[in-house]
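Chain by chain, the residues run as shown.
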Amino acid sequence: MSTQTTTAAVTAAATPAPRKPRITVGGIGFAILVITTCIAVVYPFYWMIIASFMPEGYSIANAPLFYPEQFTFDTFAKLFATRPIWTWLLNTFVVTIGSTLLTIPFSVLAAYSLHRYRFSGRRFVIFFVLLTQLLPATAIIVPFFITFRNYGLLDTLHGVALAYMTFTIPMGIWILWGYFQSIPLDFEESALVDGCTQMGAFFRVTLPLAIPGIAATSLYVFLDGWNQYLLAYILTSSTQQWVISLGLFSFIGEYFVEIEQMMAASVVASLPALLVFAMLQRYMRGGLALGGMKG
Amino acid sequence: MNTRTKHGPSFWSRLLTPRGILPHVLLAPAILSLLIFVVVPVIYSIYLSFTDANLLRFGQAEYIGFENYQRLLERGRFWESLTNTLVYTAGTTVLSFGMGLFTALILNEPFRMRGLARTLISIPWATPWLVVTTIWYVMFNPQIGPVNEVLKGLGLIQVGVPWLYQTSTAMLGIIIVTSWRLFPSATLIILAGLQSISPELYEAAKVDGAGRWARFRHITLPSLTSVNLVMIVLLTITAFKLITVALTLTQGGPGTATSVLSVYTYQEAFESNRLGRASALATLSVLVSGLLVIVYFALIGRQDREKQD
Chain A
1 MSTQTTTAAV TAAATPAPRK PRITVGGIGF AILVITTCIA VVYPFYWMII ASFMPEGYSI
61 ANAPLFYPEQ FTFDTFAKLF ATRPIWTWLL NTFVVTIGST LLTIPFSVLA AYSLHRYRFS
121 GRRFVIFFVL LTQLLPATAI IVPFFITFRN YGLLDTLHGV ALAYMTFTIP MGIWILWGYF
181 QSIPLDFEES ALVDGCTQMG AFFRVTLPLA IPGIAATSLY VFLDGWNQYL LAYILTSSTQ
241 QWVISLGLFS FIGEYFVEIE QMMAASVVAS LPALLVFAML QRYMRGGLAL GGMKG
Chain B
1001 MNTRTKHGPS FWSRLLTPRG ILPHVLLAPA ILSLLIFVVV PVIYSIYLSF TDANLLRFGQ
1061 AEYIGFENYQ RLLERGRFWE SLTNTLVYTA GTTVLSFGMG LFTALILNEP FRMRGLARTL
1121 ISIPWATPWL VVTTIWYVMF NPQIGPVNEV LKGLGLIQVG VPWLYQTSTA MLGIIIVTSW
1181 RLFPSATLII LAGLQSISPE LYEAAKVDGA GRWARFRHIT LPSLTSVNLV MIVLLTITAF
1241 KLITVALTLT QGGPGTATSV LSVYTYQEAF ESNRLGRASA LATLSVLVSG LLVIVYFALI
1301 GRQDREKQD
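In the order they appear, the protein sequences are chains A and B.
All letters in the first sequence, in the order written, are residues 1 to 295 by this note's numbering.
All letters in the second sequence, in the order written, are residues 1001 to 1309 by this note's numbering.
Looking at chain A on its own, in the form it has when it is part of the complex (with noise of 0.2 Å):
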């Protein structure tokens, strides 16, 4: 836009009214642009969509990158008849599931008293938990083997949803201390004044209010546990206490890699991350933000 039309801008602005979209040369390069971006981004995924339902070995022969001439749910069927898929669902689900009820408490509970409260050392909790955050695995996976060995929780479903919490417990009071910093504190104290104790208002009111935020860090929660790998791997080891990450790996491993039912078992093991990914999207576009104080 040149600098004449600027004041036509100014005031076209100022009065929204419907605009016609006009063809130009910039539009067309720019859509240009935003297409190819948007492919070459999206490409990767697509491509193991499609694989899935091609016939075996039909990549191997015709290399296809766009779409296969041949479509088939046998690779489905047989990927489901010739390995442990849903058990390894069942212990993905059972591992995540388990992690994030063993963390959200504990961790509503800190974040609301950081959030609440100054007390001494409160910087200090705050930086400790941020670290932990940040800690790599490869730190505690050795501490981890020998101490799951000694108490007989190598190899155990419980075991590794227990060590998936080095990572959620921490995540977990970091993402809702800043929710709970949304909460007006209004709402508490007038609770406070109509006689409720400390404790009766975060059960009554900060709790209630601070649902959605407890529901959106649980599905961050089950997202990371979803994630998780080297844990589980380190962990378990009979095919029957894998997790759904150890069984997609286990296809690389072997001498003849089925492609396509590789890229089957990974749309499965895609799905519900996207289902709860999607749920996310929902909470941080509209969910988060409050609206019970008016005026």
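On the chain A side, residues computed to face chain B include the following (Cβ under 8 Å): (1) Val41; (2) Val42; (3) Ile60.
In short, the hints are calculated from the structure, not lab data.
Positions of the beta carbon are idealized from the N, C-alpha and C atoms, including for glycine.
We have chain A; now place chain B onto it with these hints.
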């Protein structure tokens, strides 16, 4: 509750006040679990780093002083893994930040179906890490991999490149893969930063005759400085501690080409069985990430002060 107001608060509710021990009681469960799951293991790991603990003979670890550290520092392998970590971390940070900034600038323009574009660009972020590995394992496949097919189609290469199987390209490969997965988080955060810039600034600049590039250079970039800095440090920390891609996609190879510090630690512990030396490596990486956290904290502190001003 009514009875309490009549008779005054009980002993416990008086103790459990903001001025009493209530804040600490609320914190206790979380802090206790962090002590058990983080502090104790890290201290145990530091202790192990001074022993010759081995996976094959448990319970016979002997104190050997600084030998593990000495051996590591003498070894080319350690320095190589450190260099690999530096390249991987820097490469991933630069690439994912660049892609994040680029896509955020695109998504900041108004156009039809912007919501769709935003969703599509978020997809890698929602993809589980091991699916990222399986997808890119195929993408980079020398025989059928679409990456080679596309490059051939564009006439850039004649023969398929074994991206992940040769020393010269394996590191580039895992940097691309990691950035693909990480950049959408940068996109959304930078986009939020862009949308918080007041449109009046741009209008004023336009009135003063500033062109598109001048507006970008003198309004957009300076306004984003603090968001960008925090994003860069966050990406650095993420890439530094990330092990999954290097461990599953290339398994540190070919040779030691993608053996970053975390992969080297894993290999020392569970492939060479030297738990003591692995613990020494773990201790060193905790020190490095501690340094990164201090930088991060300094930046956040600066941002808070700017907000208060």
